[in-house]
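K.L.:
Sequence:
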Amino acid sequence: MRQTRRDISWSVREGTANSIMVGIGETYLPAFVLAMGLGQTASGLIVTIPLLAGAVIQLISPLAVTAIGSHKKWVVGCALVQACVFLGLAIAAIAGTIGTTAAFLLASIYWACGMAGGSAWNTWITTLIPERIRTRFFSTRGRWIQGSTMMAFIVAGLALKVAQDSDAKATTNATDLAANHLLTTFAVLFVIAFAARIASAAMLAQKSEPVPLPPHQRQVSMAQLFMRLRRSSDGKLILYLVCAQAATQVAAPFFTPFMLRQMNLDYGTYTALVATAFMGRVLFLPLLGRQVEKYGANKLLLACGVAMAPMAVLWVVAYDNLPALFFLQVLSGVVWGGFELASSLLIYERVIPAERTSILTTYNLSHASALVIGSLVGGVVLEAMGESFQGYLVIFALSSILRTLTITLLLPAAQHGVHAEVRPLRGTRVPRLPRAARESALREHGTPAAPEPKSWPHRDAG
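Going by my numbering, the first residue of the sequence shown is number 22, and it counts up by one from there.
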């Protein structure tokens, strides 16, 4: 029990450190691409197309874990390589130039390490956290992660806002024209993201590994997984998740350029909107966890699947009404928080440990392919309409229509499938971070999720 509590504490800490990297680095990749002058379409595709390359690279994960003989060592190694990507981005920001190919290559390495480490982490964590406290653990850890991501995102957004205003003032006054405070700020943020991921890797190394490799670990080929898609509970779940994400990505990658270029929001307002979605997750994750314990993860997944369908099209109605958009962002945060919690718990329930790393690695490739297809559909429509305001409204509406169609894949499972009866262990609770660590985090980060070693593109806007 003492070792379990220690592993839980380190899991919360490393998740918090990783989320700082996500909030201060990953979520600003599209904005960085815009600042480097690579265009609105490239800004949208930077969080999708590199996923496919990354998903192909991470197919080595099951073989690498077997060769190393440890899920833990593989996860830590992936985290260290992922951290180094931000050093490359910082150098590019300081140089003031980066090619589209180089930007997409760095992003591909980032996603490859995130997915490769994530599939192994998902197998490793189930050997550390007892099933009967798993719901409470993930809802508590998720709250820390979302809160930390939100705080890091806000701090980064405020810093970029100050830099943006400074550049505008310099241009107006025709002074200090050689300086580019925005790119310098991006460089500093990426260095901080690098440090946060290094810290996360160090904390991952502190956790135990009672089962380096599950007994009778076996590989499930893509063909075998495809045969299960309509026949088994794990296959049906994966089919829905892949289709739902494809529908979402028709619009999701393009919300950042829409807000920054079409709505002409400054970084301060943009940051506030995105942070509001994180706040929705932080505030409501405990309630969502209790709903899973009471009704099961299947019903929560169905409810969130239905609720997320109209999210994108609502931007068509509310784009010129900031108060309405803030309300929509709170709702979006709650819905996506519940969706991710329910889908994670169902994966742990339905995919057996001996196959988990293999299946999740294949799932990552299927998932990334779906994301790329979805984003390319959105990108083609947007390009065909000249990256116009009307083009954005069309892809938002299309995304909502496709999300609605995917709900039919959930209905049989919701009526007849198994749901995650994950109850808290009586007398056992997930510990809070030590007070000194909490106060230190507040001092350092402003007074808070593939992923998490898994990492997926930001999608809280709609």
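Please note that the accuracy of each hint is not assured.
Stated by the list, open to error - Capping the alpha-carbon separation at 25 angstroms, the derived lysine to any residue pairs in SDA-like fashion look like this:
1. K315 - L149
2. K257 - K320
3. K93 - T25
4. K182 - K320
5. K190 - A208
6. K93 - L149
7. K320 - F410
8. K320 - M284
9. K320 - P307
10. K93 - T147
11. K93 - K190
12. K190 - I78
13. K257 - A324
14. K182 - A345
15. K190 - A74
16. K93 - I373
17. K94 - P307
18. K93 - I78
19. K320 - M300
20. K182 - I373
21. K315 - M300
22. K94 - V77
23. K320 - I373
24. K182 - A208
25. K93 - M22
26. K315 - P151
27. K93 - A111
28. K315 - A375
29. K190 - K94
30. K94 - K182
31. K190 - M284
Claimed, not checked - Quick list of the computed label-pair ranges, beta carbon to beta carbon:
32. E152 - S253: 16 to 24 angstroms
33. D186 - Q24: 32 to 40 angstroms
34. L179 - E314: 56 to 64 angstroms
35. G90 - D287: 29 to 37 angstroms
What the hints contain is simulated information worked out from the structure, not anything from laboratory work.
Note that CB positions come from ideal geometry on N, CA and C, so glycine has one too.
K.L.:
Hint by hint, note whether the structure agrees.
P.N.:
For each hint, the structure was consulted:
no. : hint                            : result
1   : K315 - L149                     : holds (24 angstroms)
2   : K257 - K320                     : holds (15 angstroms)
3   : K93 - T25                       : holds (16 angstroms)
4   : K182 - K320                     : violated (41 angstroms)
5   : K190 - A208                     : holds (21 angstroms)
6   : K93 - L149                      : holds (12 angstroms)
7   : K320 - F410                     : violated (37 angstroms)
8   : K320 - M284                     : violated (36 angstroms)
9   : K320 - P307                     : holds (16 angstroms)
10  : K93 - T147                      : holds (12 angstroms)
11  : K93 - K190                      : violated (50 angstroms)
12  : K190 - I78                      : violated (44 angstroms)
13  : K257 - A324                     : holds (17 angstroms)
14  : K182 - A345                     : holds (23 angstroms)
15  : K190 - A74                      : violated (40 angstroms)
16  : K93 - I373                      : holds (19 angstroms)
17  : K94 - P307                      : violated (32 angstroms)
18  : K93 - I78                       : holds (19 angstroms)
19  : K320 - M300                     : holds (23 angstroms)
20  : K182 - I373                     : violated (47 angstroms)
21  : K315 - M300                     : holds (24 angstroms)
22  : K94 - V77                       : holds (21 angstroms)
23  : K320 - I373                     : holds (21 angstroms)
24  : K182 - A208                     : holds (15 angstroms)
25  : K93 - M22                       : holds (20 angstroms)
26  : K315 - P151                     : holds (18 angstroms)
27  : K93 - A111                      : violated (28 angstroms)
28  : K315 - A375                     : violated (29 angstroms)
29  : K190 - K94                      : violated (49 angstroms)
30  : K94 - K182                      : violated (39 angstroms)
31  : K190 - M284                     : holds (21 angstroms)
32  : E152 - S253: 16 to 24 angstroms : holds (20 angstroms)
33  : D186 - Q24: 32 to 40 angstroms  : violated (51 angstroms)
34  : L179 - E314: 56 to 64 angstroms : violated (37 angstroms)
35  : G90 - D287: 29 to 37 angstroms  : violated (51 angstroms)
In the structure shown, a violation is registered for the earlier hints numbered 4, 7, 8, 11, 12, 15, 17, 20, 27, 28, 29, 30, 33, 34 and 35, in ascending order.
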